[in-house]
Every structure is written in C-alpha cells, then in structure tokens.
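Assemble chain B onto chain A, guided by the hints.
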Amino acid sequence: MTQEQKDRSEHLLQVEELKKYYPVRGGFFRRKVGDVKAVDNISLELKRGETFGLVGESGCGKSTAGRTITRLFKPTEGKIFFEGRDITNLRGSELRDLRQDIQMVFQDPYASLNPKMMVGSIVSEPLVNYGKGSENSLKQEVMDLLLRVGLPEDAYFKYPHEFSGGQRQRIGIARALALKPKLIVADEPVSALDVSVQSQVLNLLKELQAEFDLTLLFIAHDLSVVKHMSDRIGVMYLGNLVEVSDADEIYINPKHPYTQALISAIPQPDPRNKSERIILSGDVPSPQNPPVGCPFHPRCPQVMPECSEKKPHLKEVNKEHRVSCLLYE
Amino acid sequence: MSNQEALLEINSLHTGFEIEGKTYHAVKDVSFDVKPKEVVCVVGESGCGKSVMSLSIMNLLPKHNGKIDKGEILYKGRNLVNLNDKEMNKIRGKDISMIFQEPMTALNPVLTIGFQMDEVLINHTSMKREEIRKKSISLLKQVGISRGEQIVHEYPHQLSGGMRQRVMIAMAIACQPQLLIADEPTTALDVTVQAQILELITKIQDEVGMAVLLITHDLGVVAEMADRVVVMYAGQVVEESDVDRIFYDAQHPYTKALLTSIPRMEEEREVLNTISGIVPSLKNMPKVGCRFVDRCPDAMPECSKVDPQLGETEKGHSVRCLLYDASHPGKKTEVR
Numbered sequence: 220m221t222q223e224q225k226d227r228s229e230h231l232l233q234v235e236e237l238k239k240y241y242p243v244r245g246g247f248f249r250r251k252v253g254d255v256k257a258v259d260n261i262s263l264e265l266k267r268g269e270t271f272g273l274v275g276e277s278g279c280g281k282s283t284a285g286r287t288i289t290r291l292f293k294p295t296e297g298k299i300f301f302e303g304r305d306i307t308n309l310r311g312s313e314l315r316d317l318r319q320d321i322q323m324v325f326q327d328p329y330a331s332l333n334p335k336m337m338v339g340s341i342v343s344e345p346l347v348n349y350g351k352g353s354e355n356s357l358k359q360e361v362m363d364l365l366l367r368v369g370l371p372e373d374a375y376f377k378y379p380h381e382f383s384g385g386q387r388q389r390i391g392i393a394r395a396l397a398l399k400p401k402l403i404v405a406d407e408p409v410s411a412l413d414v415s416v417q418s419q420v421l422n423l424l425k426e427l428q429a430e431f432d433l434t435l436l437f438i439a440h441d442l443s444v445v446k447h448m449s450d451r452i453g454v455m456y457l458g459n460l461v462e463v464s465d466a467d468e469i470y471i472n473p474k475h476p477y478t479q480a481l482i483s484a485i486p487q488p489d490p491r492n493k494s495e496r497i498i499l500s501g502d503v504p505s506p507q508n509p510p511v512g513c514p515f516h517p518r519c520p521q522v523m524p525e526c527s528e529k530k531p532h533l534k535e536v537n538k539e540h541r542v543s544c545l546l547y548e
Numbered sequence: 008m009s010n011q012e013a014l015l016e017i018n019s020l021h022t023g024f025e026i027e028g029k030t031y032h033a034v035k036d037v038s039f040d041v042k043p044k045e046v047v048c049v050v051g052e053s054g055c056g057k058s059v060m061s062l063s064i065m066n067l068l069p070k071h072n073g074k075i076d077k078g079e080i081l082y083k084g085r086n087l088v089n090l091n092d093k094e095m096n097k098i099r100g101k102d103i104s105m106i107f108q109e110p111m112t113a114l115n116p117v118l119t120i121g122f123q124m125d126e127v128l129i130n131h132t133s134m135k136r137e138e139i140r141k142k143s144i145s146l147l148k149q150v151g152i153s154r155g156e157q158i159v160h161e162y163p164h165q166l167s168g169g170m171r172q173r174v175m176i177a178m179a180i181a182c183q184p185q186l187l188i189a190d191e192p193t194t195a196l197d198v199t200v201q202a203q204i205l206e207l208i209t210k211i212q213d214e215v216g217m218a219v220l221l222i223t224h225d226l227g228v229v230a231e232m233a234d235r236v237v238v239m240y241a242g243q244v245v246e247e248s249d250v251d252r253i254f255y256d257a258q259h260p261y262t263k264a265l266l267t268s269i270p271r272m273e274e275e276r277e278v279l280n281t282i283s284g285i286v287p288s289l290k291n292m293p294k295v296g297c298r299f300v301d302r303c304p305d306a307m308p309e310c311s312k313v314d315p316q317l318g319e320t321e322k323g324h325s326v327r328c329l330l331y332d333a334s335h336p337g338k339k340t341e342v343r
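Those sequence lines, one after another, are chains A and B. In our numbering, each residue's number is its place in the first sequence (first place is 1) plus 219. In our numbering, each residue's number is its place in the second sequence (first place is 1) plus 7.
Same shape as in the complex, but just chain B:
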C-alpha cells in the first residue's frame, strides 16, 4: 500500500543492534508517514528508540553493529534502505537534512564556520566559490545571525550554544531540503534560547516550505510545534494522531500517564501522577505481549500473552493497545 501524497513513508521498520552475537531491536515495527510541509513530532522517553529511528532514516547507524533488518523507508516513493553510501550522500543534506541535539559535537571544532557551511553547497550545488561564500553569509542572516561576515571566520567554540544551533540550522536549510529531521534540537538550550530556536524553525519552515520531523521528549514543545504526533515507547509506536487528539483525547494508557505526570504552570496539584518502574532495557524487553504491561495501570491478563497491533480506532488515530483492539475481549466500548 503506497501512499501517494506522503513525502516520507516508513513501513514496518526494524532496526537492530548486534551485541555479543545476539540481535536486539531498538526499533521494532515502526510505521508512520510525513506529508509535505507538515510538522510531525516523535515523542518518547530516553531509550524508546526515537533517535535510532531518525538515524535509520538518514542511514547513519553505527556500521559495526547497527542494521536495518526489515521494513522500508520510502522518500518520494524511493526506498532509502537499499541505497549505497554514494547514492545516500546525494540525498543527505540536499533532500533530507538533520540537526542534532548537541551542536558542539555536530560541528567540527578545528574548521571555521564558513568552511563547514561552504562544504554543504560545494557538495550539492554547482555554484562558484565566490557565490558560495556570499550564500553562506546570507544563510547566516536568514537564521538571525547579523554578524555573518565575521562569524564565517570564527570557530565553533567562539559561539554560544544558541548561536551554534543557528549555524546548524543554516547548514541544514542551505539546499532547501524537503524534509528536516531535528533530533532534540533545543534540549541542550535554555528556555529563552529554546523559544528563539523554535520560532526560527517555524519561520524557516514557512519560508522554505519543508516538512519537519521533530524528535523530542518535551510535551510542551510538541504542543507548540506539531501538526501530528507519534508517541513511541520501547521501540514501538504506541499512538499516533493529530496534536489536538493526543492532548485531549489520548487513548493509550502510556500517553495518558505521560500527560498527567508533568507539572503544569497553570494548575495546583499536590501529587503528580507517576508511572511506576522504568522503560525496560533492550536486553530485558518482554518477548511476547505488550511492552508497557509492567507499568500499565489498565493491564489485563492477556496483555502479557498477545502482541498488540497498531490499529486505527477512528480516522487518523491509531493506537497499539488491546483495550482498543476489536478482536480481543475486554475492549473499550466507547470506541468510535
């Protein structure tokens, strides 16, 4: 089933890591799509596989033990999983670009900002040298760095965290990509700087007309930015819907628990809701049954026996939970 209008379509992606001769799946059966000009947020706690998923899309998994075992990643109908490095290099930075959580480690400390920015344009365009430097400076202006002419001669350590992230964004949008993958782009930044960067991403998205796949653990950022939300838990998608329904009509017990466990500014609560226990580690993942069963407040006996499937409960709203699975007894009656 190929979705014509989707820009990026991920079908049943399995990404595994080989540890001591055994394969452990950090991403297990993940499917969703990103439409043109849409902001999709992937949300989940650390260790839920959201970063491995984004590295899989870019084909940047560690070569020695990481591997996509199953599934396909279709970008405009073309399967990225089968591409070799040379073919992938043409797509990376041009059609799909990525910004990372820690801009200090993503930038090369011994090269000037200008050199690193020019590199993107040299690789992907046929512009002349002089034009390229001018373009780099204008890109820096576009991301709100007014001293562009000076900054191109400076090194990453001379910039603040927020400035570095702006440089990363400038590099990412240099070739006007169709899709920007932002992996926790504001987690290392302070709130006032985070607000600047989020506003910048929204503004650039408007100007360039690109789709954004935003990976975050912060539900506040999700509410601010997303059109659609994918909730991940332990390597699987547990719920997917538009942002409004995720926040006001969440169905999966994990999503519900997550929403009630964050302190909110506007309300007084003595006690926060908690989710008991922790995310199971890759090695201790339950072999059969729902991966959330040990922490789930609504767990039923059959939850640890049957693998729940991601199924649509209403149009545009999918949940991976036996409570909403029509073929199992004990399902919620209020399913529309």
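Isolated chain A (complex conformation):
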C-alpha cells in the first residue's frame, strides 16, 4: 500500500481540489457565456468520528460544497474519496448504494419535509427504499428513532405542519439517521430556529454523534455555533477554503485576515468585553467574476501589491493549521 492509499483509508472522506462551476447562459442561443465559480478548488479531509465545521458568509459556496461532496451535484473537477474509494464519477446503482452511508440534514425544516406524508412514512421511506426491515419491525424501528430524537411516539401518525420548527428539524434528523449512515452532512441545521430551540437541536446532534459513531460535516454561517460543534473548522471565502485548523486554535490564533475579521465581527454577548473590531469595507464580490489573485484582496486590510497577481494556496503554517494567504508564504 502506498502512502497515498494509506491516507485515504484512514480518512472517512477526502476531497481533492474540488471545483463546482455553474454555467451562466445568455444571448439568443442560450450559449454558455461564463461560469459561477461556486466552489473553486477546495481540499479537505474528514477523520472518522470527527465533526468538521465549514463556515462562511452567504454565497461563499459552503452549501454547494456540501452538496457536491454528497454527490447531489456532479463535480466540475477534482476528486472525492469515501473510505478510500473514488466516488467522483459514480452513477446509477453504485451511487444509490453510496447514499446509504452519506445522509443530509437540511436548513429549512419547513421545506425539506413533504407536507402530505405522515411523519412515520417520512422517516421510514429511506428504510423502505433500501429494502431494510420487514413490515412489522419497520414500524418499531421508526418509533424507536422518533423517541430517540425526542419526539413523542404518536408523532408517527401526524403530519409535518403539526410540529414546531425545532421538532421538524428532529424529524429531519431521524430521517437522516434511519439508514445508520457513516457521514451526515448538516447544512445550516439550526439557522432557522430560535436560540432556545437551537440549543436543544445542537445538544441532540452531539449526543447522536457519540451514540451512532457518526462523522459530521457541519455547515453554518454562525462561527460561535460552528466552534461549539466542531473539532476542526474550515473557513470559506468566495469558493475557496482560506483557513483550516483545530476549532480552538482558529479562535485563539486566526491567521488569515478574513478569519480575523470574521471573528472580530461577531458581536459578543458580553457588554464588558467590547473588543476592537476589524470592519471590512465593501461586499463579497460576485463569484461569476472573482478578483484575480487572492479572492479576498479587494477587502483585505493587510493587502500587499503581489496579492492581486498571485493566487495563494493552502500551506501548513503550524501542525494541523493551514492558511491560504501570501503573508505566510
């Protein structure tokens, strides 16, 4: 076994130079006139049993990254390895089999559940689809799942509209757990919820992760939530991964100017601790026409002349701490 193969089997998921472009069509013949570079070259790896947090502002490509990794979208370029196996170009029944191991929890608990289906059918659908469990054992299994995620047993016969946002998110979690997947991609699972309910769902996800031995890819825009959940964090900006590190390290010692600004911009719930803020000017540029060189250079407070010419790449600065910035090259 070569070193590369060994690396791949140690990691549950490995993503290499992944790109996902959406074509932009225009003109009379709807010809392709350009690309939205939603994900522009990201590489990351998930160790078994860890939670990897992917954080960034809206439009940075974190959701596209999540959906491409789960192969809901076909990647434009790059490779994805799941348990050492290349899943980049899987199709048909092979892809269908893969879905048993990778499940998703979506942001909007109102839109991601079919309003015409009973909760029991929603949660048992994955099991039925993959022919797991007999008719009798199926119902018991689903009941157990519902109880486990903190729903009453009679939820089985109810419809999604009868539940609150937090409870609906629990239904979505139960559905994702039904097939006992190895990886769950949770895309903004709590951003539609109130704070008091948000903490219930975050605690549940943590418990379930330990209990079912799950690996979690946790995608969110709220850095304090991501830090609470994750072992390691990746920060995305305009389709690029700009910094990857241990969750504590990234908070105590952020290296990339964008990460520093992001952390300082979060209002702290503590009136006695009003730290100095780094206020970024301007808005995130359009991913259809990203800046040349470093994608962050038009807003960067520490910009250097060469930043507009050379595109930085993720480089290790400390153990397990990688930054994509010319300041550290």
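Simulated from the structure, these hints should not be mistaken for laboratory data.
Within a straight-line C-alpha distance of at most 20 Å, the following computed EDC-like cross-link-like pairs (lysine to aspartate or glutamate) qualify:
id	chain 1	residue 1	chain 2	residue 2
1	B	LYS101	B	GLU214
2	A	LYS493	B	GLU45
3	B	LYS210	A	GLU495
4	B	LYS290	B	GLU27
Quick look at chain B alone, frame taken from chain A:
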C-alpha cells in the same frame, strides 16, 4: 404618572388581533420608556410580540384585524394612539422613523433610489427640488455610499443587501428624527456586513443625537449596542434593566436561561443549557398565571394561578416574576 424626561413612553400597551371573532393579544401590558439619545434594545424570540409592539408605535398595524385595545404611547407627552392617519403621517419619517429587517421588501422595486429618498424630504420639508436631490446624495455619502450620484438613478435590485440597508438608514435619518426604530436591521445580513451597519448606526446616532429603539433576537447585538434592555416573552415585558445588569445580574428565569443557551466563542462547553418546549402560540396562551410557567426551571405551584406583575426589585431593574414579588410567599430573600 407622566415621566417628564422620557422621549417615548409606553404605558400598559395592549395590541390585539381579531381572528375568527375572538381577540388575541400579541402584546399584553407592555410598559417602558426611551429617553433622549438612549439606545434601548428589545430582545426576545420570534413570536414574543416585539415587532407588533414596534408597529403599534408607528401606527402601522394591519387595518383589517389589528388594533390597540388599551394603553397609551406618549411621544413627548402626546398620545400617538389617538392620532388619525394625517396627523400620524407628519410624525412618521420626521420625528420617528423606522428601518425594517428586509430592506428588499421595504423599498419599492419599480422606483429609483433617488425618487424614494426625495419623497421623504418632499413630504416633510419645504426644500426646493434641486436642493432635495443634493441633500439625498449627501445623505447617501453620510451612510458610506460613495457613488451617491450614480446610486440615486439605480433601482433597489441593483444593490446588495448591505447597501439597501444603508439606503434605508439614509432615508430614515433624512429629517433628523428624534427616535429611530430599527426592527431586526441586521438579521438578513452577513456578520461582516452586520458589523458595518451596527457601526454606522452608532456613528449616525452620535451625529444626529437621536434615540434608538433596537429590536433584535441576537444577544450579541444587544451587548454591543444597548444602554438599556427590555426582555420580552410571549407579549409581555419580563425584565428591564441596564445592559450590564441584564448580562451579569439577570433575575428572571427566562433571561437567565436565554443567556446560558447560546454558544460562546471563548468558552468550552460540551452541553448547552436548553429551555424545554416552545413559546406558546397566541391561541394557546395560558389564561391565568405566568406565561413562562411551562418552561420555567423555577416554577412554583402558585405560578400558574397568579398573574405576576412587573415590579421593581432595585432601582432601574424591573422583573415580572413571583420569585421577586414581595407580596407572595416563596420570594427570593436576596432581593435588594
């Protein structure tokens, strides 16, 4: 009891909605005041009545079923509840202005930014046309939009979320209002843009010398901005005090639970505190007793029998909870 120094004083406000012939109170017995040049934050979860409260102040409730049933809203001693539309129009935008959560829906998509900004000045000042356009452009500069001359000819969809919110703020401060009501002004924005907007509001508040009533669910924003904090739950004020005491000496069990249920950057906690259950809906609100009783970790038997009243436990600190009510047994002894 009229408070001389208050700019805005809300006394026992009840706002109800008529649904199927029955009236449900989204705001029930809310009282607080805003002093000149002060930033007051109203904080609470969705459905606690904070937006209905702000719409009541501006008299913008849906006409077909929303109504202020009881209470008064005194602006400089004048009761806004009794004003008709014409009188209210003179106050809206001039003395009290408002910015909303979603700047895309608050701006008219088929009119240019310049037209919408000019409108405010045409309605409330006697300036000439040419002066008005110049003033609009200078207002855009004041809120940090450098391309003011071009932006006035553009339409809302051509601007980003942060820019639109800046335009809203520029319109709101056009007539140098005494009071700005900001209803979740940064909720739809990203954190780095939120930081820009919050800084802008603070800067403008300094320049114009206005009071700000900031409505938010984000305790981080509260800590950043507030002088005084009003905590609302299920249509009622449950606690009111200065920002320091709310964060370091919270008394109401709801405020305490809220503060411990948010993840914080600087600390390591395996498990977050949770508040069980959810905010009761308008139709299922308990008829008697404390509205928080089902979710309260310190609930006592009498909590579901007696309506707690908002009472002062120390100077400048009011709480609506039987634990702190001297006339009920079981009160906390450490009350100062």
